[in-house]
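Number of protein chains: 2
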Amino acid sequence: MPTIIGLDVGGGKIACVEGTAAGAILGRSEVASPAAEPFERALPLLVGLVRERLGIATAAGRRVAALSVSVGGPLQIAAGRLINPPHLPGWHHAPLKERLAEAFAGLPVRVEHDGNAGALAEYHFGVGRGRKGLRHLIFLTVGTGIGAGIIVAGRILHGASDTAGEVGHWRLSRRGPVAFGKQGSWEAFSSGRGMVLLAAAMFPRRWSDNTPIRELVEAILSDDAAANEVVTAAGERLGQGLALLIDAFNPQVIVLGSLAVVLGERLLGPAKRIVAAEALPEAVAACDILPSALGAGIGDVAALMAVLGDDAEHLAQLGITRGGS
Amino acid sequence: MPTIIGLDVGGGKIACVEGTAAGAILGRSEVASPAAEPFERALPLLVGLVRERLGIATAAGRRVAALSVSVGGPLQIAAGRLINPPHLPGWHHAPLKERLAEAFAGLPVRVEHDGNAGALAEYHFGVGRGRKGLRHLIFLTVGTGIGAGIIVAGRILHGASDTAGEVGHWRLSRRGPVAFGKQGSWEAFSSGRGMVLLAAAMFPRRWSDNTPIRELVEAILSDDAAANEVVTAAGERLGQGLALLIDAFNPQVIVLGSLAVVLGERLLGPAKRIVAAEALPEAVAACDILPSALGAGIGDVAALMAVLGDDAEHLAQLGITRGGS
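Sequence order for the protein chains is A and B. 255 is the number that this note's numbering gives to position 234 of the first sequence; each next residue is one higher, with no gaps. 160 is the number that this note's numbering gives to position 139 of the second sequence; each next residue is one higher, with no gaps.
A portion of the hints provided could be inaccurate.
[Stated by the list, open to error] Think about it this way: if two alpha-carbon atoms lie no more than 30 Å apart in a straight line, the pair counts; the simulated DSS-like pairs of lysine-lysine are: (1) B:Lys-293 / A:Lys-203; (2) A:Lys-293 / B:Lys-203; (3) A:Lys-203 / B:Lys-203.
[Claimed, not checked] In silico negatives: residues of chain B with every beta carbon more than 12 Å from chain A: (4) Lys-34; (5) Pro-116; (6) Pro-129; (7) Arg-226; (8) Asn-231; (9) Glu-250; (10) Arg-294; (11) Ala-317; (12) His-335.
[Stated by the list, open to error] Computed spacing ranges between beta-carbons, pair by pair: (13) B:Ala-57 / A:Leu-242: 53 to 61 Å; (14) B:Leu-66 / A:Gly-285: 51 to 59 Å; (15) B:Ala-57 / A:Ala-174: 36 to 44 Å; (16) A:Asn-249 / B:Ala-297: 33 to 41 Å; (17) A:Val-199 / B:Arg-49: 53 to 61 Å; (18) A:Val-199 / B:Glu-286: 30 to 38 Å; (19) B:Gln-204 / A:His-114: 44 to 52 Å; (20) B:Ala-333 / A:Pro-107: 38 to 46 Å; (21) B:Glu-61 / A:Glu-334: 45 to 53 Å; (22) B:Ala-297 / A:Val-199: 13 to 21 Å; (23) B:Glu-123 / A:Ile-104: 50 to 58 Å.
Derived from the structure by calculation, the hints contain no laboratory data. Beta carbons: idealized from backbone N, C-alpha and C, even for Gly.
Let the sequences and hints guide you as you build the complete structure.
Below is the structure:
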């Protein structure tokens, strides 16, 4: 069975993995992301990472079937062209897929939005593994910002212009912190950035807008009283947004990544309490709210999903049968 | 080509139609809804309406292929069993599909949620007619309450327990009017009921919570200054909810029924202004916001859609090829 090379292109780091059709990671390398450099100057770094992985695979006698890329939006997914990703300021309008396809002639290249790729990773290889009858899953990134990958009837909801799932942008209140240019947005309350802003507003003598999220997370995990108030408030706002998702989509599962994995019930407990009070009881009863089963490894698996998340027929054309789930 | 009998079961009236596979209505009768009576006592009225239509069809030499029912939720759609529809207080837990199938042996019976049926009507025979490449459409009822029928990739999003689209239940604000038991919900601001509550709160000397919506609509349509303030406020809240839908679903079209058809730009103008300010520009640019093309006739066409909205293969089993679109 051939393998897949995956690129996880983030604002902080770029990881390159080789993985199997069952979502197992065979090898991995990582570099700091040249996010502020112009794309054409950063491209050789990407190409070098992939070339190195290809060399390792070939030396081990494995055939690589395709190159899969997971990257933050907004982007045109089928064309693999970035629009104006805030975490990659030098890469606006970068023809990512086209350039990679030029560099690796004969190797099919697929690109997917990182939120969607995360949803596909959990659906096929994470919380969805062995869960029969699973068709509707929402994956929520809770990192610097908030974004969703939405699976409806087994397929990613891309929408009319590939921006479906931009729910971090939802305004939950006319007041509240400002993050990513929008006051009172979901990610202004409940993302990593939002939690810092909330902490600074609630305890201005102790924290500021420039407090590193790591410092706040450490205080939360050590059961600091003030930090617990912050995570409870962020969790309640998280629940407010989850209730909107549940009433609209009636999903079977909502999976939360990043900070939700690290903070666990400290964040999800208050969120579930608000969900129970706010959303339709029938829909609440039908929906499991879970931290990511792939945890810190989700980015690596997600990097493979632009390829592995595709329909069985398309995969068969690449000589791949997806394992797992 | 055979025809379909459709039942539109509302809290105020029940309509029974005969329609073609192209969505044309051949005949129609209507009675007041026995909404408060126990279902088993109301059932003979439904059966009588259908029997009358079947008789007319047979006398004209037409074969009726199936019985299609559109009814408000919550309900179990495949089973055709109502749960606790607020507009049909006597019909809780009614086995609607089962009883109709018993009464008309040999006639396939399908049941759909009225919001979903409206979405399918507009998708195939309304704003979607002749619109190539249409795959993602949201239909929003703006009647007594607010509900949505959501079409993703050409199919209704039913969700895990058939409650997807219950977005009237979304809370937009911690303050504001209370409707259907929830303060500050979308339908507490922007539905017919919500507009009356808003009018009573804004102009308590002139309107009360018991003002008929008809009186308010007449004042709006006659360009009364106070009524214009009310419809503008309701439209802005409508836009707030539409912006959430657009960021989450990135639809190609949102179609609005009932009051949005009657009030037109008086309601949709303020709504679109808020959408442009609140939702992602890429998603706003990709989405048309339109009043229902079927207008007052949408209930009749929707009554056929539990059958006509089905996949081509299933329709073929009934000897039907859907016309239109």
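Quick rundown of the hints versus the structure:
A C-alpha spacing of about 19 Å is found between Lys-293 of chain B and Lys-203 of chain A, which places the hinted pair at or below 30 Å, so the restraint holds. Between Lys-293 of chain A and Lys-203 of chain B the alpha-carbon distance is near 18 Å, which keeps this suggested pair within the 30 Å criterion. The straight-line distance between the Cα atoms of Lys-203 of chain A and Lys-203 of chain B is roughly 26 Å, inside the 30 Å bound, and the hint therefore holds. No beta-carbon of chain A comes within 12 Å of the beta-carbon of Lys-34 of chain B; the shortest separation is about 26 Å.
Every C-beta of chain A lies more than 12 Å from that of Pro-116 of chain B, the closest at about 18 Å, which supports listing it as non-interface. At roughly 23 Å, the least C-beta separation between Pro-129 of chain B and chain A is larger than 12 Å, which holds for a residue marked as non-interface. Against chain A, the non-interface label of Arg-226 of chain B holds: every CB pair exceeds 12 Å, the least being about 28 Å. Every C-beta of chain A lies more than 12 Å from that of Asn-231 of chain B, the closest at about 28 Å, which supports listing it as non-interface.
Non-interface call for Glu-250 of chain B relative to chain A: holds, since the shortest CB-CB distance, roughly 19 Å, exceeds 12 Å. The claim that Arg-294 of chain B lies off the interface holds: its Cβ sits roughly 15 Å from the closest Cβ of chain A, which is beyond the 12 Å cut-off. Every Cβ of chain A is farther than 12 Å from the Cβ of Ala-317 of chain B; the closest lies at roughly 27 Å, confirming the non-interface assignment. Every CB of chain A lies more than 12 Å from the CB of His-335 of chain B, the least distance being 16 Å, so the non-interface label holds.
In this structure the supplied range 53 to 61 Å holds for Ala-57 of chain B paired with Leu-242 of chain A, their Cβ-Cβ distance being about 56 Å. Checked against the hint of 51 to 59 Å, the C-beta distance between Leu-66 of chain B and Gly-285 of chain A comes to roughly 55 Å, which is consistent with it. A C-beta distance of roughly 37 Å is found between Ala-57 of chain B and Ala-174 of chain A, which places it inside the suggested range of 36 to 44 Å. At roughly 40 Å, the beta carbons of Asn-249 of chain A and Ala-297 of chain B sit within the given window of 33 to 41 Å.
The supplied range of 53 to 61 Å is met by Val-199 of chain A and Arg-49 of chain B, whose beta-carbon atoms lie about 54 Å from each other. Taking 30 to 38 Å as the suggested C-beta distance range, the pair Val-199 of chain A and Glu-286 of chain B conforms, at roughly 32 Å. At roughly 45 Å, the beta-carbon separation of Gln-204 of chain B and His-114 of chain A lies within the given 44 to 52 Å, and the hint holds. Checked against the hint of 38 to 46 Å, the C-beta distance between Ala-333 of chain B and Pro-107 of chain A comes to roughly 43 Å, which is consistent with it.
In this structure the supplied range 45 to 53 Å holds for Glu-61 of chain B paired with Glu-334 of chain A, their Cβ-Cβ distance being about 49 Å. Between Ala-297 of chain B and Val-199 of chain A the CB atoms are about 19 Å apart, so this pair conforms to the stated range of 13 to 21 Å. For Glu-123 of chain B and Ile-104 of chain A, the Cβ-Cβ distance of about 56 Å falls inside the hinted range of 50 to 58 Å, so the restraint holds.
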